Amino acid sequence: MASDGVWLSVEGQRPAHTLREARKTLEGAQGEVVLDFSSVQRIDSGALQALGDLADTASGNGIHLVLSNVSIDIYKVLKLMGLTSRFSFRL
Amino acid sequence: MTEKNANLSEDRIAYLEGLVRQARAAAAVFTQYTQGDVDRIVKAMVTVGMEQAQHLARLAFEETKIGVLEDKAIKNMVATEFVYNYIKDKPTVGTIREYPERGVAEVAEPIGVIFSLTPITNPTATVLFKCIVAIKTRNAAVFSPHPRAWRCCQEAVKIMYETALKHGAPEGVFTCIEAPTLADNVYLMHHKDVSLIDATGGRGAVKAAYSSGKPALGVGPGNTPVYLEKTADVGMAVVDIITSKTFDNGTICASEQTVVIDDEIYDLVLKKFADLGAHICNEQETALLGRTVIDPETGFMRPMAVGQKASDIARFIGLPVEPNTKLLIAPIRGVGPEHPLSVEKLFPVLSVYRAKSVDEALKVCVDVNHAGGIGHTAVVFSRNDEIIRKFSHLINAGRIIVNSPGSIGAIGGVYNDMVPTVSFGCGTGGGNSTMDNVSVYNYLNIKRVARRTQAPMWFRVPNQIYFNMYAVESLRQFPSRSTIIVTNPVLEQIGHVDIVRRHLPLQTPVHVTVIPEAEPEVKTVMQGLEALNFYEADQIIALGGGSVIDAAKIMKLKYESPQADLEELGAPFLDIRKRVAQYPTEKTKRAPLIAISTTSGTGSEVTPFAVLFDKERGRKVTLADYSLSPDVAIVDPQFVMSMPKALTADTGIDCLTHALEAGVSVYASAYTDAHAMQAIRLVFKYLPIAYEHPDDEEARTMMHNAACIAGLAFSNASVGVCHALAHAFGARFGIAHGRANALMLPHVIAYNASVPAKFMPSPHQRSYNAHKKYATVADLLGLGGQTVEEKVKSLLVATERLLDRLEIPRSIAGLGISKEAFERAVPDLSMMAFDDPSWRPTNPRMPLLSELSDLLWSAYQGRSQAKAVEAA
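If you're matching them up, the sequences are chains D and E in order.
Residue numbering for the first sequence follows the working numbering, beginning at 1 and increasing consecutively.
Residue numbering for the second sequence follows the working numbering, beginning at 1001 and increasing consecutively.
Hints were generated in silico from the structure; no laboratory data involved.
These figures come from a predicted structure and were not determined experimentally.
Incorrect hints may appear among the rest.
Claimed, not checked - Derived lysine-lysine pairs resembling DSBU-like cross-links, with alpha carbons at most 30 Å apart:
1) E/1192 to E/1065
2) D/76 to E/1447
3) D/79 to E/1065
4) E/1166 to E/1090
Claimed, not checked - Cβ-Cβ distance ranges computed for the label pairs, FRET-style:
5) D/24 to E/1447: 39 to 45 Å
6) E/1451 to D/76: 49 to 55 Å
7) D/76 to E/1336: 51 to 57 Å
8) E/1239 to D/72: 37 to 43 Å
9) E/1009 to D/27: 47 to 53 Å
Quick reminder that beta carbons are idealized off the backbone N, C-alpha and C, glycines included.
Kindly generate the complete structure, drawing on both the sequences and the hints.
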């Protein structure tokens, strides 16, 4: 599905799963895709891997990937992994 | 590219990169964990570690062929249970310690990825320990075991990892290199994502870790000296040494290596060793051992002997011993290459040395310590505390074990209350970054959160001040056996000294010391001191202006404490509470000082300051300490009624300067402000009257009180740049202190009221506020103005008008000082003013040398600051 302004909610209990699923959405999307982290309190290695893959896909498809409502603890994890430069963040 | 990959295949590099990548992600994920999370995981790991202790010991024993199975199991248990007992209640997440009284908190920050090398001698125990500590501190670890112990270590890592994962640890938190090589280690030691190297092992591993340029905890070899002193409990010592040296066949690097035994007990000790299963080698056997278990090329122990039984070593080298021999004891006659057995031996061979004296014994222990054991461990057996103290001061070892076994003692938590560990920091002597028994706090970055604190302030003044006309009558209440009046010739001549005499209790023996009118010099003070000593004074009355009272303060100081070194006490300082010089508290005599002021300006009758003129260097030295404050102040205006007009003006402006500088000082408080503001109000109201109508008793009284009240303010808030500059150019050009202040004052007000080029650090205040304080003064005086700037200008106008009314010259040039002479002096004067303690750290602006120079030139030219502000 090709559209502008896709918004996806990341599941708090299994963020890695949602993020992997989101990759399929990205493949047909254009413009901006917003991933809402408001339900996510903690992420694991799987979620980190999925985020890295999403960033690769977005970059290849010219998609602007926005992470919204990311908690500061998760933001620090992304910072430690060197991933923050690959996304935009929205409060 | 920081990685060193010269000897690695691409596949191997990809493998190693994968390990680090997993660990990095795990470490990042781990930062989200709470204390409860990690404590739950640690507890589970410890439980499993205890369950698996024997299994892992067996794997280690079978793979390495080193040590004793049972002892390895105990080591695994110590590395889990004992360590857990120490760390279980230690906070390691978030705020870990707080010091509310200091406003400081310590906050834990995980390190990240730790590259962890483990040794062949204690393989699984080290892995268990490091896994537990890493989880407790939210770090990830990549393990690189010794190549001859990697399978057992891999199993230990696997057990710990699976347990941790099961209880919620991040994926990839532990990994272990399969079949590790030196090239792997070099690659990972230089990897950008490795944050810390924890290298437990031999010299090579530790050196490689430190050479990598990464932060490293390196734990290396030791060479434990033992001093068995003649007062020791010999029976206990021998058992302890055997227990320790045979534990895991001597593989713990803290185990005893050379026992230095006092001559008096040497034979007894050796007999007890022999009785308990040790073989005492003769000279030939010792030489044989030295040639075989120590490599003559390297001077280090041969690997084939490490962790082997004493009887096996003996059999291997052809030494006939009993089959159950526990220990081979080799007497040596020195330390060094010619005595090969004086080095580290991680097997049950123990050197012994017969010492003829304590000094010889300690010397040999130092030699052993320096033969490869610096920073590690040392042992002393003695009942003599002085021997133990001397040993601990001499020997450079992170663990000095007293009356207990070296290896088990160093581990901590068994024979003593040291931190339980299997990782011994050896300090800089051992090339290590720590000397600790390594534990959780070595695995954390500890952040200090320092809140702004406000040091307690003070308001200290003499406890007796008598004021108003005829206050001198209060002298009657001060009986004395020998009173010295310190005064100047003029005051004696005009009868002031007689007034004082009349008011002393009847029959008080009184002697008068007359000092010159000029500012006191060291010579003057010493002459007065001679009089105090000659008459054995028990009371000093200073009758005069600031110079006389200052001189009397210093005389009292030297009289009561002859050891006081004026040069040292006058040394520069930044903060009076932290200065190097300490004023003497021991007094050989007591002579209270009663200060009667005869001018209305210095406030010296209540201040803790005394200014001494250093004639040789052409500068003033300020002494400052509350012990200098007079005990009693008498502020009686009858002594100032005849003050000349010029002196009235100069001292009055000195008083105003004190109050204004105290008012804007960064040490100003509600207490000092109350006094400063009142003094300012009194000066503006009464100084012109006292100047123009010298007989006006009310004006004289109020000015006399104002001087004392300003003294109370600046005794506690200090003064500022105006005084520093006045001291400098006053001393150089012989200008009276009050007049020098008058010449600087408007320029300094304008300077302090403008936004500083450099702010003065002032924890006592919320912000720079000098301009507002001047505005408050303007309000107090009813000078008008709407804005702060207008009010500052009003104050400048009022100050300049006051100076004009007092007929005080408004420029330094006006005093007849040539521009050339002043120009030559300015660089020195700026530096002298900068060195003057008057402004530090109280002036509201931190003065730059160039600013001090500008202020001096501004005063030289004498241009109106009020007009300058208006023009600006």
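Going down the list of hints, with the structure as the test:
no.: 1; hint: E/1192 to E/1065; result: violated, 36 Å
no.: 2; hint: D/76 to E/1447; result: holds, 17 Å
no.: 3; hint: D/79 to E/1065; result: violated, 46 Å
no.: 4; hint: E/1166 to E/1090; result: holds, 23 Å
no.: 5; hint: D/24 to E/1447: 39 to 45 Å; result: holds, 42 Å
no.: 6; hint: E/1451 to D/76: 49 to 55 Å; result: violated, 23 Å
no.: 7; hint: D/76 to E/1336: 51 to 57 Å; result: holds, 55 Å
no.: 8; hint: E/1239 to D/72: 37 to 43 Å; result: violated, 58 Å
no.: 9; hint: E/1009 to D/27: 47 to 53 Å; result: violated, 36 Å
In the structure shown, a violation is registered for the earlier hints numbered 1, 3, 6, 8 and 9, in ascending order.
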